[in-house]
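Quick note, the sequences are listed as chains X and G, same order.
When the letters of the first sequence are read in order and numbered with this note's numbering, they come out as residues 1 to 200.
When the letters of the second sequence are read in order and numbered with this note's numbering, they come out as residues 1 to 200.
Keep in mind that the hints were calculated from the coordinates and are not lab data.
Do not rely on the hints blindly, as some may be mistaken.
Only part of the chain X face toward chain G is listed, based on derived beta-carbon distances under 7 Å [what the hints assert, rightly or not]:
1) Ser5
2) Leu31
3) His32
4) Arg52
5) Gly126
6) Met129
Straight-line alpha carbon distances no greater than 20 Å define the calculated EDC-like cross-link-like pairs of lysine to aspartate or glutamate that follow [as the list claims (entries may be wrong)]:
7) G:Lys97 with G:Glu87
8) G:Lys97 with X:Glu4
9) G:Lys97 with X:Glu9
10) X:Lys23 with X:Glu4
11) G:Lys159 with G:Asp185
12) X:Lys133 with X:Glu96
13) X:Lys97 with G:Glu139
14) X:Lys97 with G:Glu9
15) G:Lys23 with G:Glu39
16) X:Lys97 with G:Glu4
17) G:Lys23 with X:Glu96
For glycine and all other residues, C-beta sits at the position ideal for the given N, C-alpha and C.
One-letter residues, chain by chain:
Protein chains: 2
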Amino acid sequence: MLFESPSVERLVEAFRRLPGVGKRSAERYALHLLSAPVEDAQALSEAIRVARERITTCGECCNLTESNPCPICAHPNRDHTTVCVVERPVGVMAIEKGGTYRGLYHVLNGALNPLDGIGPDELTVGRLMARLKAGGVNEVIIATNATAEGEATAMYLSKQIGAMGIAVSRIAHGVPMGGGLEFADDVTLSHAMQGRTKLG
Amino acid sequence: MLFESPSVERLVEAFRRLPGVGKRSAERYALHLLSAPVEDAQALSEAIRVARERITTCGECCNLTESNPCPICAHPNRDHTTVCVVERPVGVMAIEKGGTYRGLYHVLNGALNPLDGIGPDELTVGRLMARLKAGGVNEVIIATNATAEGEATAMYLSKQIGAMGIAVSRIAHGVPMGGGLEFADDVTLSHAMQGRTKLG
Numbered sequence: 001m002l003f004e005s006p007s008v009e010r011l012v013e014a015f016r017r018l019p020g021v022g023k024r025s026a027e028r029y030a031l032h033l034l035s036a037p038v039e040d041a042q043a044l045s046e047a048i049r050v051a052r053e054r055i056t057t058c059g060e061c062c063n064l065t066e067s068n069p070c071p072i073c074a075h076p077n078r079d080h081t082t083v084c085v086v087e088r089p090v091g092v093m094a095i096e097k098g099g100t101y102r103g104l105y106h107v108l109n110g111a112l113n114p115l116d117g118i119g120p121d122e123l124t125v126g127r128l129m130a131r132l133k134a135g136g137v138n139e140v141i142i143a144t145n146a147t148a149e150g151e152a153t154a155m156y157l158s159k160q161i162g163a164m165g166i167a168v169s170r171i172a173h174g175v176p177m178g179g180g181l182e183f184a185d186d187v188t189l190s191h192a193m194q195g196r197t198k199l200g
Numbered sequence: 001m002l003f004e005s006p007s008v009e010r011l012v013e014a015f016r017r018l019p020g021v022g023k024r025s026a027e028r029y030a031l032h033l034l035s036a037p038v039e040d041a042q043a044l045s046e047a048i049r050v051a052r053e054r055i056t057t058c059g060e061c062c063n064l065t066e067s068n069p070c071p072i073c074a075h076p077n078r079d080h081t082t083v084c085v086v087e088r089p090v091g092v093m094a095i096e097k098g099g100t101y102r103g104l105y106h107v108l109n110g111a112l113n114p115l116d117g118i119g120p121d122e123l124t125v126g127r128l129m130a131r132l133k134a135g136g137v138n139e140v141i142i143a144t145n146a147t148a149e150g151e152a153t154a155m156y157l158s159k160q161i162g163a164m165g166i167a168v169s170r171i172a173h174g175v176p177m178g179g180g181l182e183f184a185d186d187v188t189l190s191h192a193m194q195g196r197t198k199l200g
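Using the sequences provided together with the hints, build the complete structure.
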């Protein structure tokens with residue numbers, strides 16, 4: 001046990017719950033906070049508490065936000081006729097970093113996974129459908145992950161949304177920009193072939 | 001800015017201060033805490049606060065501890081005639097994990113580094129000397145890191161302690177156990193050659 005101290009052990013355990021943090025990293029973080037100025041430790045403790053208190057989910061797009069509706073849904077200059085569907089808030093973050101997409105989002109909070117008991121009711125599918133039924137949206141871009149669950153979710157949503165007469169598209173999967181062919185795996189290459197676009 | 005939320009930004013900044021945590025990891029930790037059950041976030045926030053409140057430094061060995069003197073200094077079955085000098089609490093942790101050393105420790109809280117203005121007075125060298133003068137210690141094992149600063153600190157301490165008539169030794173540096181020669185760097189190999197021990 002680290003310094004035979006129950007409070008340090010609890011701290012290490014709490015750090016280990018973070019994604020991708022193993023025992024050694026958790027111990028390193030704990031030791032750092034205990035050796036660093038007390039203000040650093042207080043700052044992190046407070047930042048976690050305050051952020052968790054202030055952050056809620058947007059009533060429109062279900063993304064994490066400090067204001068409701070979120071700044072993206074409330075933005076007057078964004079294209080309110082296009083909705084991009086992602087699995088997690090991290091997806092919104094990734095696409096926003098690109099800086100070219102100007103439409104709105106919808107966060108599903110996961111993907112369909114019957115084996116784990118995740119059906120449409122466990123996700124925010126109902127709220128997406130209500131949004132689309134309310135009108136004003138012309139296109140839905142499905143940007144769920146390129147995993148079995150993400151693909152199944154994309155298929156399910158495209159059927160539901162297509163039946164409503166709204167255009168549905170899926171983001172392209174293929175060889176990443178800057179990546180040589182030799183670094184792409186078989187499935188990606190096969191997708192890249194199928195998704196080829198005409199030149200000239 | 002992540003979700004255009006100042007409180008999330010502050011959380012990401014606080015995570016980035018942890019050792020080895022970059023922007024992407026910090027964002028991943030923040031997003032996880034905001035999406036996870038509120039109890040997880042509270043647990044981490046509380047664990048940091050409580051650990052920082054309870055942990056102090058041992059009056060004897062300057063290691064981090066919840067009780068004073070620390071469990072190692074207070075242990076009746078440990079060898080109180082041997083002191084192992086390390087730079088940081090993480091060094092104590094590493095040696096304790098080995099489980100073979102039965103003596104006491106002394107944590108310097110760093111290494112000599114004149115360029116950064118770190119002299120003996122910035123470290124716990126004075127307290128080490130006071131401990132040794134009080135008597136009862138026969139051997140000091142210097143386990144500072146194998147860096148320029150760690151070596152300089154080892155040289156400095158060995159002169160001071162040797163003048164007091166106490167045996168001083170330095171832990172061995174060489175090829176790690178289980179490691180092939182081809183993976184060891186030049187300096188390590190050169191140390192391993194110089195530090196060779198007689199067989200048979």
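For each hint, the structure was consulted:
1. A least Cβ separation of about 4 Å between X:Ser5 and chain G falls short of the 7 Å threshold, and the interface hint therefore holds.
2. Taking 7 Å as the C-beta cut-off, the interface hint given for X:Leu31 holds, the closest approach to chain G being about 5 Å.
3. With a cut of 7 Å, the hint placing X:His32 at the interface with chain G holds, because the nearest CB-to-CB distance is about 5 Å.
4. Interface restraint check for X:Arg52: the shortest CB-CB distance to chain G comes to about 4 Å, inside 7 Å, so the restraint holds.
5. Of the supplied interface hints, the one on X:Gly126 is violated, with its beta-carbon coming no nearer than about 19 Å to a beta-carbon of chain G, more than 7 Å.
6. Below 7 Å, beta-carbon pairs count as interface contacts, and X:Met129 has none with chain G, the closest being about 22 Å; its hint is therefore violated.
7. About 17 Å separates the Cα atoms of G:Lys97 and G:Glu87, which keeps this hinted pair within 20 Å; it holds.
8. With a CA separation close to 12 Å, the supplied pair G:Lys97 and X:Glu4 stays within the 20 Å bound.
9. Restraint check: the Cα-Cα separation between G:Lys97 and X:Glu9 comes to about 15 Å, which is no more than 20 Å; the hinted pair holds.
10. Only pairs whose Cα atoms come within 20 Å are accepted, and X:Lys23 paired with X:Glu4 is accepted, the gap being roughly 16 Å.
11. A distance of roughly 29 Å separates the Cα atoms of G:Lys159 and G:Asp185; the hinted pair therefore is violated under the 20 Å criterion.
12. For the suggested pair X:Lys133 and X:Glu96, the alpha carbons sit about 26 Å apart, so the restraint of at most 20 Å is broken.
13. The suggested pairing of X:Lys97 with G:Glu139 is violated, with an alpha-carbon distance near 58 Å, which exceeds 20 Å.
14. Proposed proximity of X:Lys97 and G:Glu9 is supported: the alpha carbons are some 15 Å apart, at most 20 Å.
15. At roughly 25 Å between alpha-carbon atoms, G:Lys23 and G:Glu39 are farther apart than 20 Å, so this suggested pair is violated.
16. Between X:Lys97 and G:Glu4, the direct Cα distance comes to roughly 12 Å. Compliance with the 20 Å bound is thereby established for this hinted pair.
17. The straight-line distance between the Cα atoms of G:Lys23 and X:Glu96 is roughly 16 Å, inside the 20 Å bound, and the hint therefore holds.
Violation of the numbered hints given earlier is confined to hints 5, 6, 11, 12, 13, 15; the remaining hints are satisfied by the structure.
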